[in-house]
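Quick mapping for you: the protein sequence lines, in order, are chains A and B. Residues 79 to 479 in this note's numbering are what the first sequence lists, from first letter to last. Residues 384 to 594 in this note's numbering are what the second sequence lists, from first letter to last.
Think of the hints as simulated: they come from the structure by calculation, not from any bench. Because the structure is a prediction, the values reported are computed rather than measured. Keep in mind that a hint or two might mislead.
To be verified - Facing chain A, from chain B, some residues (calculated, C-beta under 7 Å):
| id | residue |
| --- | --- |
| 1 | I453 |
| 2 | V550 |
| 3 | T570 |
Unchecked claim - Calculated pairs, DSS-like style, for lysine-lysine (alpha carbon to alpha carbon, straight line, at most 27 Å):
| id | chain 1 | residue 1 | chain 2 | residue 2 |
| --- | --- | --- | --- | --- |
| 4 | A | K332 | A | K164 |
| 5 | A | K469 | B | K428 |
| 6 | A | K398 | A | K332 |
| 7 | A | K139 | A | K469 |
| 8 | A | K401 | B | K428 |
| 9 | B | K542 | B | K485 |
Think of the CB as a built atom: it goes at the ideal place given N, C-alpha and C, for glycine as much as any other residue.
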Amino acid sequence: MNTASPREFLNSTDVRVLEANSPSSDYIDVPASRPLRLDCDRLLAPFRIAYKTYGALNAAKSNAVLVAHALTGDQYAASQHPVTQKPGWWETMIGPGKPIDTDRFFVICPNVLGGCMGSTGPASINALTGKPWGLDFPVITIGDMVDAQVPLIDHLGIDQLFCVVGGSMGGMQVLEWAARHGPRVYTAVPIATAAWHSSQNIAFHEVGRQAVMADPDWRQGRYLELGTEPRNGLAVARMAAHITYLSEEALQRKFGRSLQDLAAKTFSFNADFQVESYLRHQGSTFVDRFDANSYLYITRAIDYFDLAAEHGDVLANAFKGTKTRFCVVSFTSDWLYPTRESREIVQALNAVAANVSFVEIESDKGHDAFLLEEPELFAAVRGFLNAAADKRGLNSGSGGR
Amino acid sequence: MLAPAIPSTTRVDHLLIAEMVADASRVLDVGCGDGALLQLLADTKNVDGRGIEIARERVNACVTRGLSVIQGDADRDLADYPDDAFDCAILSLTIQATRQPKTVLEHLLRIGRRAIVSFPNFGHWQVRAQLLFTGRMPVTENLPEAWYVSPNAHLCTIKDFANLCRVMNARVERAVAFNASGQQLGTWLPLTVHNLMGEKAVFMLTRTRVH
């Protein structure tokens, strides 16, 4: 199904396995003496959190912005990816003079717990066994990801983050940061997200996991030890998921029914249509950079996310007494986390009289809009952050006018 | 720090509202539009201000200029807020565009310790004259749209509004009417004159305790 040559795929896999255990980014090792109690009630220790930073921390340590990444993201938000060599996944948003202005703010982007780019996850070596964790890795939650980032913030000497910002699963982490560690969060920007994962979204995740687990090379999750890789399964999972990140309109506009370098249909199961070829490409490039078990664990964490359920089934209770200033952002064509789900967050925040802004951005690009060139998104984030930074008394950056 | 200059284009009703709002108070502006009043209150009164606005592009413009504003609907979203969440809840030239003015006003009085409501006066002599002499829905500087495109659904006169306050047991702390040139009408004038000469009115209300 994929067309990558064996050499190419060996190379990227080798790099990826290397990155999972010795990241080229910074990292902290949380010692066995500081175990993390996970939501499943297991203790995790020691563990590692890999992270990248951009910009400089000011003397008062008051200008830190934590960027939380989405399902398949990583710490390389604004710098080249060590496996793919591609630019960072949020370079439109983060950088000098950008909406999250690194001349003004100190940006910290950690790889999530359960990830595969250096933070402890199923692809990491379990110190107790000397083998990759695989399915012995505990099932984690969004709250666990956030709690695992706290030692990093402590390590950097930061009492209060100026902002926690992220889209999609990153937005869920933003909400958990505000709910679990409210006093440490001055502003929170959850983008294209929800306070709970819907049944339809769980269903899509289950399709993806089943595709991975149905691949004979998955080997009950022990593929890293056994020297195989469930490439086909993970690629199919990515293809299915990728559809949910777009919109019908965007797909139609981009591909329509156009054929891929063909004058006529081939009457075969080749990728006749451009959209098929596009999805196959998305699938095969994804498996080069991502670990299949990480995909299982992180999708599970998202499925389990239900902030209201953690607070007596009343979402507002998650934010009781909050002093954090919120800016909630949704996109008109996002059907994965539609605007009404953002509105639920806003309603809960209003119920506790929190300081909240809420913008819905007109876009036909679907859920992925938060990663793309969306001037209205940039303007809103820039305006919100700069106004809050002025209130917080932060010096303005070069682009912080 | 120097007090920022107030732009000369500032609406007279906004200036009056700013005068009514206490320093550093918590304010909700329902139907905040482009955020001009919130900005004025932030600049001159250092308020902790929030806004609700129905039009998405205006909301985004507000957030871009650093105001805390959400996209929402006065008819639907005020129910979310707890009692006494704000020192002052403002409804500025918006009540006439709501579907349920009485319910909206009830929420306003519940959410805010005080409510400030401004509205165009349908009892103004020009409005009356147009209806009387042309037999058609009035179009004035204050009510610029034709009936079929106007967002206004529940227009009222100053007398009507005063009556609603009575019906709702709301205490009128202050009521001011502005004439067409933006001057306040003397408070010694009778209600009937306000109702005839006032183009817009601003009411400051509190709820009457129910014993």
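Taking each numbered hint in turn, which are not upheld by the structure, reported in ascending numerical order?
-> 2, 3 and 6
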